Structures are given as structure tokens and as C-alpha cells.
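Participant: This is what each chain is made of:
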Amino acid sequence: AQKVTQAQTEISVVEKEDVTLDCVYETRDTTYYLFWYKQPPSGELVFLIRRNSFDEQNEISGRYSWNFQKSTSSFNFTITASQVVDSAVYFCAPSSSNTGKLIFGQGTTLQVKP
Amino acid sequence: ETGVTQTPRHLVMGMTNKKSLKCEQHLGHNAMYWYKQSAKKPLELMFVYSLEERVENNSVPSRFSPECPNSSHLFLHLHTLQPEDSALYLCASSQEAGLPHEKLFFGSGTQLSVL
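Quick note, the sequences are listed as chains X and H, same order. Just so you know, we're using my numbering here: the first sequence kicks off at 1 and counts up by one. Just so you know, we're using my numbering here: the second sequence kicks off at 1001 and counts up by one.
Among the hints, erroneous ones may be present.
As the list claims (entries may be wrong) - Not the full set, but computed from the structure, chain X residues with beta-carbon under 7 Å of chain H:
no.: 1; residue: G43
no.: 2; residue: S97
no.: 3; residue: F104
no.: 4; residue: Q106
no.: 5; residue: T109
No wet-lab data here; the hints were simulated from the structure. Bear in mind the structure is a predicted one, so any value in this text is a computation, not a measurement. Glycine included, C-beta positions come from ideal geometry on N, C-alpha and C.
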């Protein structure tokens, strides 16, 4: 069975704070991809990042960084120096190499206050 | 012009009405999807089309009827809906269907309320 857990339902920070969104993906698949999507109030989900299960190298892209640890099944996403425009719902979404389907987590609502 | 466009943005309908949701993608993709997003629930995949052929139907009730006349257009025909069908319906597209590395491009959704 596959299970994706975003334990944080809501997070509230003040602008310029760093914030980390947690995601745990439990699966018996040996190969898979991990995605993060952002859903602003306008409704459309926007692709942010994609990693494959073979690559545990952590990366930074602008204010975004991510930390993937296969041993703990965690794929965390960090926003540095948060801005009000970062306020949105963030979804962790693994996809199975077997089915090709995305499995969406429950989402974490991030509120960045000025 | 945005990549994936959905109309209408909002729809209120009675349980006996018939309505249709429209989705159009301008990205040259071969796969299109319908997702349902209800409050407090994860996104649920409803239908997948690849080159106008339905390749996935996730046990969706027959009161939801999809149509894909070409690779750029996708419809969701609605009839005799129930109040629990009220949700945000999202359309998405990708280059191909069924590949785990494919990223999806979403529309802004249609917020449906069934009275």
C-alpha cells in the first residue's frame, strides 16, 4: 500500500521567516517520483519541484529548497524568507513507477502574514 | 493565454439540471485529466484521457460523463447530481499519460455547488 502524509494541516508565519513543509511517503516501490505543487487562492495547482527516488541530493532553487531522505521516507520542502505571496495550500504528490499516478497528500495551508 | 483554461469558474445547479464543464489546453499535450477536490479530502482522480481515448475511470458515478472530442478539449457533462458532488473540479494536462515523471498543468477549476 502507498501512503502520503502531510502532518501539518495549517502553518502561519510572519513574512521573512523560513518555513518547512513536511511530507512522508510510505511505499514498497523502489522507484518513484516526488512532486510538490502549490495551490494559491486562484485555484490552479502550480508545479514547483520534482525529484526521483534515486537522487537524494538536496537542492536549492532561489528561495525554495528540498530535503529528500529515502531512509525515513521524508521529502520536505523549505521556503526561505517567506513572502505574503507564498500563502497557499502546498501538496506533496508522489507518483508510482508502476501506475504513473500521482497520489496527493491532504495539503498544508501556509499563511504568511505581513 | 494561459496553458489550461476552464469554464465556467463558478456553477450553481439544481439536482435535476444538466450542465457541462469545459476545459481547453493550449500546450500541445496528449493527456488530459479530471480531478475532484472536496473540502477536507485529497484530490481525487476521476478520468484520464490519452489522445482522446479514455484510459482511466476511477469508479466515478455515471451522473458524471466525460467527453474528449480532440486532444485539446475535455468536457465533463453533469446530470442529476447530488449535494455531495459540490466541489472544485480541476482539469489538468500532461505531455503523455501514465508516466510517473510527467508533471501536470492545471486549470483554475470550476467551483460547483449543487443545491
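Participant: So, for every hint listed, does it hold in this structure?
Facilitator: Results of checking the hints against the structure:
no., hint, verdict
1, G43, "4 Å, holds"
2, S97, "5 Å, holds"
3, F104, "4 Å, holds"
4, Q106, "6 Å, holds"
5, T109, "12 Å, violated"
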